[in-house]
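First to last, the sequence lines map onto chains A and B. Numbered according to the numbering used here, the first sequence terminates at residue 252, and the numbering increases by one at each position without gaps. Numbered according to the numbering used here, the second sequence terminates at residue 239, and the numbering increases by one at each position without gaps.
There may be inaccurate statements among the hints.
[As the list claims (entries may be wrong)] In silico negatives: residues of chain B with every beta carbon more than 12 Å from chain A:
id, residue
1, Gln150
2, Arg154
3, Leu205
4, Ser207
5, Trp210
6, Phe231
[To be verified] Just the calculated beta-carbon pair ranges, DEER-fashion:
id, chain 1, residue 1, chain 2, residue 2, range
7, B, Arg229, A, His83, 44 to 50 Å
8, A, Phe148, B, Pro209, 24 to 30 Å
9, B, Arg229, A, Val189, 28 to 34 Å
10, A, Ala158, B, Ala151, 30 to 36 Å
11, A, Val58, B, Pro233, 28 to 34 Å
These are computed hints drawn from the structure, not numbers from a lab. Since the model is a prediction, treat every value here as computed from it, not as a measurement. Backbone N, C-alpha and C fix where the C-beta goes; we use that ideal spot for every residue, glycine too.
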Amino acid sequence: MAAEGKTIDALSQFELTHAFGPIGAAVNFTQSNAHMLVASVVIVLVMIMGMAPRAVVPGRFQALAETFYEFVENLVIGQVGHEGKRYFPFVFALFMFVLFGNVLGLFPYAFTYTSHIAVTFGLAFLVFLVTTIVALALHGKKFFGYFFPEGAPLWLAPIIVPVEVVSYLSRPISLSVRLFANMVAGHVLLKVFATFVVLLGGLGIVGPLLAVLPLSVNVLLVGFELLVAFLQAYVFAILTSIYLHDAVHLH
Amino acid sequence: MNERDDFNERLKQARQRQGLEKGADKAGGEGSNALPGGALQIGMRAGVEVVSALIAGAGLGWLLDRWLGSFPWLFMVFFVVGGVAGVMNVYRLFNPRTGARK
């Protein structure tokens, strides 16, 4: 049997290796960093090429750039309100970086940098820091009133305050774990079914016929992963806006 | 300039016919700004909220314990607090704080 000695190795795709040969190895430049670089360059190129024509009737690239811009602008203004416009560049940069990381990772041989908790937690912690600093800068000491809702009886403070503080601290964790778990789960599923195709394909005459089943599952999964890639970038951006809303308005 | 105004006018009419204009959307309700629905998505969100609040609570308790040298006690207290915060996060998911958004 050809299948002996072969196992389903779904996690090795997340291992980091050095990119750019000996130079990359010397400075610990991994393929993850390389893909971040590629994503940033692609984002900048799309925006520059999209903005260059400034046509009344947009061409392809301009329509793409305008769609991204208006999508995030509507999202930020819808959640934070008009004073949220100054946080638009922040949310837009985050959204594009996460979206392109997710989508680039779906290409063959590509690496998904959003499948590492270090990356997603780094982004989520940045969001946490920015929202906390915005709240402190806008409201000063009143920000700490956020942890004790008005109207609650004072003797409940020893219970409510720790719970609110922990709930506040859990935000970057839930934000990062959601994105990371979705990306890892999707890529593991793709890999598992792809391995089924190879293993079943080696099963003599009926093998290739059976292998069609996991292959068709994988076709569906790629489409589903594309949806998840967009959805998770959207969720990341909208939760950032919700946190900014809380920071700006402080109910 | 005139040409551009004419174009905007026709674009607006076309969008209104397709129900894409902002005014129509607002009348539709709050739905456009809500998080994406679907049972699986909501379940996933709720699960992540509970687990992350537990991690935050247990982690905070553990750190405080390491600082104060009172090992299991604060860890245990904050583990419970984390659980409560997780339940509260899920509650907030469906009933956002007072002072409605907008």
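Against the structure, the hints:
For Gln150 (chain B), the shortest C-beta to C-beta distance to chain A comes to about 16 Å, beyond the 12 Å cut-off, and the non-interface label holds. For Arg154 (chain B), the condition that its CB be more than 12 Å from all CB atoms of chain A holds, with the nearest at approximately 18 Å. Distance to chain A confirms Leu205 (chain B) as a non-interface residue, since its nearest Cβ pair spans about 15 Å, more than 12 Å. Distance to chain A confirms Ser207 (chain B) as a non-interface residue, since its nearest Cβ pair spans about 16 Å, more than 12 Å.
For Trp210 (chain B), the shortest C-beta to C-beta distance to chain A comes to about 14 Å, beyond the 12 Å cut-off, and the non-interface label holds. Residue-level check passed: Phe231 (chain B) sits 14 Å from the nearest beta carbon of chain A, beyond 12 Å. The hinted range of 44 to 50 Å is not satisfied by Arg229 (chain B) and His83 (chain A), whose Cβ atoms lie roughly 25 Å apart. Hint check: Phe148 (chain A) to Pro209 (chain B), Cβ distance near 26 Å, so the stated range 24 to 30 Å holds.
Under the hint 28 to 34 Å, the C-beta atoms of Arg229 (chain B) and Val189 (chain A), about 31 Å apart, fit the expected range. The hint said 30 to 36 Å for the Cβ distance between Ala158 (chain A) and Ala151 (chain B), and at roughly 57 Å that hint is violated. Range check, Val58 (chain A) to Pro233 (chain B): Cβ separation about 40 Å, and the 28 to 34 Å hint is violated.
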